[in-house]
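2 protein chains.
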Amino acid sequence: MNILEKIANELDTFSKSERKVAEVIMSSPSTVIHASIAALAKQANISEPTVNRFCRRLDTKGYPDFKLHLAQSLANGTPYVNRHVDENDSADEYTAKIFESTMANLELARKSLDTNTINRSVDLLTQANKISFFGLGASAVVAHDALNKFFRFNVPVVYFDDILMQRMSAINSQQGDVVVVISHTGRTKSLVEVASLAKENDATVIGITTQGTPLAKECNIVLSVDVAEDTDLYMPMSSRIAQLALIDILATGFTLRRGTKFRDNLKKVKDSLRSSRFERKEP
Amino acid sequence: MNILEKIANELDTFSKSERKVAEVIMSSPSTVIHASIAALAKQANISEPTVNRFCRRLDTKGYPDFKLHLAQSLANGTPYVNRHVDENDSADEYTAKIFESTMANLELARKSLDTNTINRSVDLLTQANKISFFGLGASAVVAHDALNKFFRFNVPVVYFDDILMQRMSAINSQQGDVVVVISHTGRTKSLVEVASLAKENDATVIGITTQGTPLAKECNIVLSVDVAEDTDLYMPMSSRIAQLALIDILATGFTLRRGTKFRDNLKKVKDSLRSSRFERKEP
DNA sequence: GAACTTTTTGTAATTTTACTACAAAACAAG
DNA sequence: CTTGTTTTGTAGTAAAATTACAAAAAGTTC
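Chains A and B supply the protein sequences, listed in that same order.
Take 839 as the starting number for the first sequence in the working numbering and just add one per residue.
Take 839 as the starting number for the second sequence in the working numbering and just add one per residue.
None of these hints come from the bench; they were simulated from the model.
The structure presented is a predicted model; accordingly, all values stated were derived computationally and were not measured.
A few of these clues could be false.
To be verified - Which stretches of chain A does chain B cover? Using the computed rule of at least three CB atoms under 8 Å from a CB of chain B, they are:
| hint | stretch |
| --- | --- |
| 1 | 951-964 |
| 2 | 1025-1033 |
| 3 | 1084-1095 |
Said to hold, decoys possible - With a straight-line cut-off of 35 Å between C-alpha atoms, the simulated DSBU-like cross-links for lysine-lysine are:
| hint | chain 1 | residue 1 | chain 2 | residue 2 |
| --- | --- | --- | --- | --- |
| 4 | A | K949 | B | K949 |
| 5 | A | K899 | B | K880 |
| 6 | B | K899 | B | K949 |
| 7 | B | K899 | A | K858 |
| 8 | A | K899 | B | K899 |
| 9 | A | K1055 | B | K899 |
| 10 | A | K935 | B | K844 |
| 11 | B | K880 | A | K935 |
| 12 | A | K880 | B | K899 |
| 13 | B | K1055 | A | K844 |
What the hints assert, rightly or not - Covered stretches of chain B (in silico footprint by chain A; criterion: 3 or more residues with CB under 8 Å from a CB of chain A, positions within the stretch not fixed):
| hint | stretch |
| --- | --- |
| 14 | 952-958 |
| 15 | 982-988 |
| 16 | 1080-1086 |
Ideal Cβ placement from N, Cα and C applies to all residues, glycine included.
Please work from the sequences and hints to get the whole structure.
As structure tokens, this is what we get:
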């Protein structure tokens, strides 16, 4: 656990002198990691043993050990954060920011994903007679990608990004079918209707959406992927990439569940593409 | 810079005894950060001053300072690495691995992207009379996504994932048009032909592909995104996500280049979607 | 508010740790 | 084998951290 956060948390359990130490540390932690116990004591206007006691209170072995923890906290203190692109950013800058934000959001998504739900979803998908992926707009891209993945498994799978086709398909669904409905906002009316139709017709509905939305209410299982609000550029960016990662996970779970011999299918599909490609010159 | 990498790099410039120290450190760095100089010297079967000299050679002030650096390296020293999914992985495990790999590859992609090329591409895109995105298979998804983004800019943009349409579109292209051809392998015959056709008809061809491939040779500009080879599951995974990040970057560059007033367009598009959505209850 | 207890803090001594200066060993070249 | 150079270690020194104890401050109780 990050020791700087810990100091901030336990600030009110400290005594007067200890708080002085805490303040000096928090005001410039990067200086402290290079300072001796004497230097820090002097800066905080307290005695050396007080610093030592302070360190022990934070479950470290002593001052050197404390410095080690502090150094580590500083090192991973600025991981990936959502950084908004600015009006005057250079190509260098906005490129860096977009990567940073994407990774920050993947980090977030990973934390928010519930593996039990994933497991159940994989269960359902492997047992499905037919799998459908529905999405609109940016989520259509995700559904499209899902089709690409699942199609390789040699299972009946369809994808529609057209409201009418989605409705028709939903109406024709039946027990044993799995319908995956993708929508980050979970508020797209026609998709919510599609989910509801599919459910009425006894299909199992898996929603890749945000918890607590109208769409989520219509689903049998909700795979929720948390990401930070999309930026002010009015475009879905990170949500989409997190959803794609989720598709990768479901597809991977699917292949693992189906066992080794099944994986030959994948190889076949891949090999079938060979003739459409220019050979790579092996060195 | 990561000090563990530094040690590995400079391994051959070390003397015999220094190498012993290096080996002990590399074999269990997490132990070393808690060890005294005496303990480390004993473990490596050399004297204390040798350890000290070793630290100085690595541009640290001495042993304690070295430990600090080491601690920091360890904190963010195991960043994201490509981890292959294993036969017997649990949902927890393969989920973690897929996120890790995705992030590792984004990290890689970020490093390999050349911002000058991005800048030039954005230039061309902003000046284009018409923009086309072509891809097949997994890359079709990326092209599809690009359409979604650029369509919002109110510029003539098309996307095809059908060979015939791609060919026809390429043949009909002319000077001032920009054709973006997407293929990770850069070896898909029909796509290479499409690129070549577009070029013959004086369109500017931007390739989102790997450097040195047949497709790359047909392009005016190559935006190359390095990612590790896709896993043994025979599915394109990371390459696709890196390409999507690139699309985000191009789209962002585009809006920035077009200036503030243009951004109203985006808002309009977003607002136009409102009526198709369930209202969010504001608290 | 005095007398006592408990907690907090500091002083001084001690121990541990890291570093320096110098000398011995190992190595290389002639 | 000798000379010069580099590498390594020994022993002493300096610095840093910790301990033990005592003084001071803060709380309690009557």
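We went through each hint and held it up to the structure:
1. 951-964: holds (count 6)
2. 1025-1033: Check passed, 5 qualifying residues.
3. 1084-1095: holds (count 7)
4. A/K949 / B/K949: With a Cα-Cα distance of about 25 Å, the restraint between A/K949 and B/K949 holds, given a limit of 35 Å.
5. A/K899 / B/K880: holds (22 Å)
6. B/K899 / B/K949: holds (31 Å)
7. B/K899 / A/K858: Roughly 28 Å between the alpha carbons, so the hint for B/K899 and A/K858 holds.
8. A/K899 / B/K899: holds (23 Å)
9. A/K1055 / B/K899: violated (61 Å)
10. A/K935 / B/K844: Given pair A/K935, B/K844 holds - Cα atoms ~27 Å apart, limit 35 Å.
11. B/K880 / A/K935: violated (47 Å)
12. A/K880 / B/K899: holds (22 Å)
13. B/K1055 / A/K844: Judged against 35 Å, a Cα distance of about 56 Å means the pair is violated.
14. 952-958: holds (count 4)
15. 982-988: Coverage by chain A holds here, the residue count being 4 at a Cβ distance below 8 Å.
16. 1080-1086: Answer holds; 3 residues pass the 8 Å Cβ test.
Violated hints, listed in ascending order, are 9, 11 and 13; each of the other numbered hints is respected by the structure.
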